[in-house]
Amino acid sequence: MNYFPDEVIEHVFDFVTSHKDRNSISLVCKSWFKIERYSRQNVFIGNCYSISPERLLRRFPCFKSLTLKGKPHFADFNLVPHGWGGFVQPWIEALARSRVGLEELRLKRMVVTDEGLELLSRSFVNFKSLVLVSCEGFSTDGLASIASNCRHLRDLDLQENEIDDHRGQWLSCFPETCTSVVTLNFACLEGETNLVALERLVARSPNLRSLKLNRAVPLDALARLMACAPQIVDLGVGSYEDEQDSESCLKLQAAIRKCTSLRSLSGFLEAAPHCLSAFHPVCHNLTSLNLSYAAEIHGSHLIKLIEHCKKLQRLWILDSIGDKGLEVVASTCKELQELRVFPTDLHGGGNTAVTEDGLVAISAGCPKLHSILYFCQQMTNAALITVARNCPNFIRFRLCILEPHKPDHVTSQPLDEGFGAIVQACKNLKRLSVSGLLTDQVFLYIGMFATQLEMLSIAFAGDTDKGMLYVLNGCKKMRKLEIRDSPFGDAALLADVNKYETMRSLWMSSCEVTLGGCKRLARKAPWLNVEIINENDNNRMEENGYEGRQKVDKLYLYRTVVGTRVDAPPFVWIL
Amino acid sequence: MDGQSVYVPPLFPCLILASHPPDNFYLSSFYPNFYASSPTFIYLSPLFSSSTKLTNEKNHNKNKRRILRWKPHKNILVKKKTTQEHRENDFLILKKTMTYEKVNELNLKDTELRLGLPGTEQAKEEQEVSCVRSNKRQLQSDNEEESTSPTKTQIVGWPPVRSYRKNNNSVSYVKVSMDGAPYLRKIDLKTYKNYPELLKALENMFKFTIGEYSEREGYKGSGVIPTYEDKDGDWMLVGDVPWDMFSSSCKRLRIMKGSDALALDSAL
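Same order as they appear, the protein sequences are chains A and B.
345 is the number that full-length UniProt numbering gives to position 345 of the first sequence; each next residue is one higher, with no gaps.
236 is the number that full-length UniProt numbering gives to position 236 of the second sequence; each next residue is one higher, with no gaps.
Simulated from the structure, these hints should not be mistaken for lab results.
Heads up, the beta-carbon is just placed ideally off N, CA and C, and yes, glycines get one too.
Treat the hints with care, since some could be wrong.
Sample of chain B residues at the chain A side, in silico, Cβ under 10 Å [what the hints assert, rightly or not]:
1) P160
2) S163
3) K190
4) K231
Ranges of calculated distance between the beta carbons of each label pair, as one might list FRET restraints [as the list claims (entries may be wrong)]:
5) E10(A) x T191(B): 54 to 62 Å
6) E215(B) x G46(A): 42 to 50 Å
7) H298(A) x T191(B): 20 to 28 Å
8) K231(B) x H280(A): 22 to 30 Å
9) D567(A) x K231(B): 38 to 46 Å
10) N126(A) x V156(B): 42 to 50 Å
11) Y164(B) x G83(A): 12 to 20 Å
12) G46(A) x G211(B): 51 to 59 Å
13) V156(B) x G46(A): 20 to 28 Å
14) K231(B) x T564(A): 45 to 53 Å
Please model the entire structure based on the sequences and the hints provided.
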């Protein structure tokens, strides 16, 4: 390869798109490092505090797309206090100052502001795509600036963000000349929508493929929108309330029949069952169905819909579907690859909830299943062993038994053997979440068998430090480890400090780790940021005489090349 | 034999019965061989019921084994605890239906004549492990029957469901009826963050004043009692359960007034 001119090598590199592969390429030799640097289009930064924007720009001066992730995963469950960090402002400012031709920005769990969005919209002429997932801190005013100023906007994808809805006119801020929109997702907005502006925007966007509406878009508007955009591939239905007006339903049915390209359906935030049947004609083409927000729809209606969806690959649903419903899924959806079953009753004790039988049925009926997230009330080792035998292809296996410490409900044994069977059978398992009553034994199995495991979530499990040690010693490819309410302490934390250099981050909350242990770790590993999050105590930890033995409430550590971050709030103590 | 024996006339059969003192709960699933290891033998006779109780207590005290009371992990933050929940957090077994009435302060279950090996109650109790007694105050059902839908202690960040999803799951608009008012109203529960806010809004909406809420006595003083229908179809008193639990399970509100309310007042 050394005899080829750089342009040729660069052309070859263009075919390599995965971040991991490009990272590997850049390590081959100096000239490849240089070529790869200048040709990298998409940069992925899994932890925004692991590197600074300046260093990013020095290394990759020509990138077009940036993906940034901020808060740790457990922030989704309110375990990270407000104000912890993950601010995107410094990044936008640094990028704006440089001459990088940013076209796409994808943020996850970050704090975004209206000022930042305004700056973003004004700084990059070719900006095309904004994807915000689980972000917060901004309002519809920020969206208005994006709509107004980004001439070539292609994607505006807002997934599950906390947006302050000023019920303004952000949709009407799209200029009449804007005809390039391909993705428009504002399902997470709570307030009223300017329906006229929306309809006009959709009508003048011939490339529109993905449209996800919020709950303020009623049925008749939906019918009109679908009539304007029969080319739609991905539809998020907003409000689907009990419309007595049958004319709306008829119009909707007519519009739906024309949408022959429709492959993905979601939304149904406020839904009445009888209109669901309007979608039956398109079900046979659907590959993705997300009914996990449709709390009002009874299981039987869900089943009637799913019976038509023979090509379904992805299904997100509520546990109101029940085991019977899952059996229908298992017999109908033979192409199913990903299943997520969410709990309806978060406070436990539902009669229609799913059990281990549903999981077994799915594993038996869906041979292509590789990702599952399953919330349930009860589980048995026997069921998990059967699932492992039926489905050895799992890449992601996340099981959440709603009650902490709950054992096998038939034998009262811990679920060690069940999860052990899963990790032993599924050789490609990359992500695992465990729950129920678990001893150190399950971690021994995980350490021994889960060789490809990259992310592990542990809650209310284990007996001694040995559990965590098994995992740290065994899982060579571990990147993210998050633990809560488990009896792992300093001995496990400090056993192999260098391990953390191979990982993105470690989260431990309500464990047995002490302040003294964390301090020792920080001393041994200066290339780690060891953060203690103590929202209740502020600085009480320092004053207390027994600080060495004081238990740490929340520990978050991550590797970084830029040292301690400067934007930490007072309740975060970086050792 | 570990237990003390009481003399019993030969006519009565001897029974092996494990001691179930009514005021002590324990986690039998951690000690599945509890009964087999050192059973307490009690000879029973209804004629000697009062002394049987003493025997039970004596036996229990004498045979104080390592009974583990499961406590939730000390670092679990519980959002809102009433005094009743404080007590119940220490004890995690719920006896599902207390079908035996307390007669003269005796739990007749102790003196129940049953033929069965010790440990037959085990399976049932294991199912009830870590169920916390429901805090619901049932208005129209027997006081003896325990609620069949146990509520869980709220642990921060559990279950691991995004708050965005939790918010969407909760029922938002509920109908509110007030006794004597000619029309119903609808309110969005999500716009309120706690009970005082909700009650104030209701007061404004229907032009009434509500009395002081106390856990023991409900709403005293005004003859107005706010009630709600929950997911199970039961009518409950507003204010008994933590706010989050209420807002996600409330289907309908009814503000009782006048004679119905007065009757309830005195019953509670």
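Here is how each hint holds up against the structure:
| no. | hint | in the structure |
| --- | --- | --- |
| 1 | P160 | 5 Å, holds |
| 2 | S163 | 6 Å, holds |
| 3 | K190 | 9 Å, holds |
| 4 | K231 | 7 Å, holds |
| 5 | E10(A) x T191(B): 54 to 62 Å | 56 Å, holds |
| 6 | E215(B) x G46(A): 42 to 50 Å | 48 Å, holds |
| 7 | H298(A) x T191(B): 20 to 28 Å | 27 Å, holds |
| 8 | K231(B) x H280(A): 22 to 30 Å | 29 Å, holds |
| 9 | D567(A) x K231(B): 38 to 46 Å | 43 Å, holds |
| 10 | N126(A) x V156(B): 42 to 50 Å | 44 Å, holds |
| 11 | Y164(B) x G83(A): 12 to 20 Å | 19 Å, holds |
| 12 | G46(A) x G211(B): 51 to 59 Å | 56 Å, holds |
| 13 | V156(B) x G46(A): 20 to 28 Å | 26 Å, holds |
| 14 | K231(B) x T564(A): 45 to 53 Å | 48 Å, holds |
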